[in-house]
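J.: These protein sequences, in sequence, are chains A and B. Letter by letter, the first sequence follows residues 110 to 221 of my numbering. Letter by letter, the second sequence follows residues 151 to 264 of my numbering.
Derived from the structure by calculation, the hints contain no laboratory data. There may be inaccurate statements among the hints.
What the hints assert, rightly or not - Straight-line distance between alpha carbons at most 27 Å, and here's what the computed DSS-like set of lysine-lysine pairs gives:
no.	chain 1	residue 1	chain 2	residue 2
1	B	Lys-263	A	Lys-180
2	A	Lys-166	B	Lys-208
3	A	Lys-123	A	Lys-180
4	A	Lys-166	A	Lys-179
5	B	Lys-208	B	Lys-263
6	A	Lys-166	A	Lys-180
Remember, predicted model here, so these are calculated numbers, not experimental data.
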Amino acid sequence: DGGITQSPKYLFRKEGQNVTLSCEQNLNHDAMYWYRQDPGQGLRLIYYSQIVNDFQKGDIAEGYSVSREKKESFPLTVTSAQKNPTAFYLCASRAQGRNEQFFGPGTRLTVL
Amino acid sequence: AQSVTQLGSHVSVSEGALVLLRCNYSSSVPPYLFWYVQYPNQGLQLLLKYTSAATLVKGINGFEAEFKKSETSFHLTKPSAHMSDAAEYFCAVSVGNAGNMLTFGGGTRLMVKP
């Protein structure tokens, strides 16, 4: 089945630690996105990538980093510089020439 | 820049009643508009999309939305609510000259009473 997978579903981190969230897609989509969701605030764009080896900052990139070494993969690292990392993180992808994005199941990150 | 406003963060209806979730957008160029649904602790699922082909758009699960340019609206409706419709709904806008970025509204939580 084609789709987007995110792992892990739940992640716990101690303050001061970096953590990497995985996002993989087998839809052959060119563009990939990372969003952060907080209660009552909708989704906010962290980073996006339109093509392999290229990515751009979104609206709230501070404290996050990404890489896009393969078309299928777009991991997100939440660094210790992110002041309030507890949130639900969603990965999405989009096919070239299309406007709609398709979403993965999400990773809930909790900082202890 | 584009923006989306969803009026009403919570909407409650009785099972079998009409569902109406409101979305207004702002865009300087013709927009693409989307409705997504999110069930608890899950990702977003595309309900329907407007891409200028037809103003009345039908989606999955019996939902539809009408694009009204004069009102800059894209409200989501369903004639008869079902308990399984209880979820959070997001309206989103995208414009082609902005790299197809999606801008989301704040979401509306739909509650369905038996």
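J.: For every hint, state whether the structure bears it out.
T.: Against the structure, the hints come out as follows:
no. : hint                     : in the structure
1   : Lys-263(B) to Lys-180(A) : 44 Å, violated
2   : Lys-166(A) to Lys-208(B) : 34 Å, violated
3   : Lys-123(A) to Lys-180(A) : 31 Å, violated
4   : Lys-166(A) to Lys-179(A) : 18 Å, holds
5   : Lys-208(B) to Lys-263(B) : 24 Å, holds
6   : Lys-166(A) to Lys-180(A) : 18 Å, holds
Taken one by one, the earlier hints fail for this structure at numbers 1, 2 and 3, listed in ascending order.
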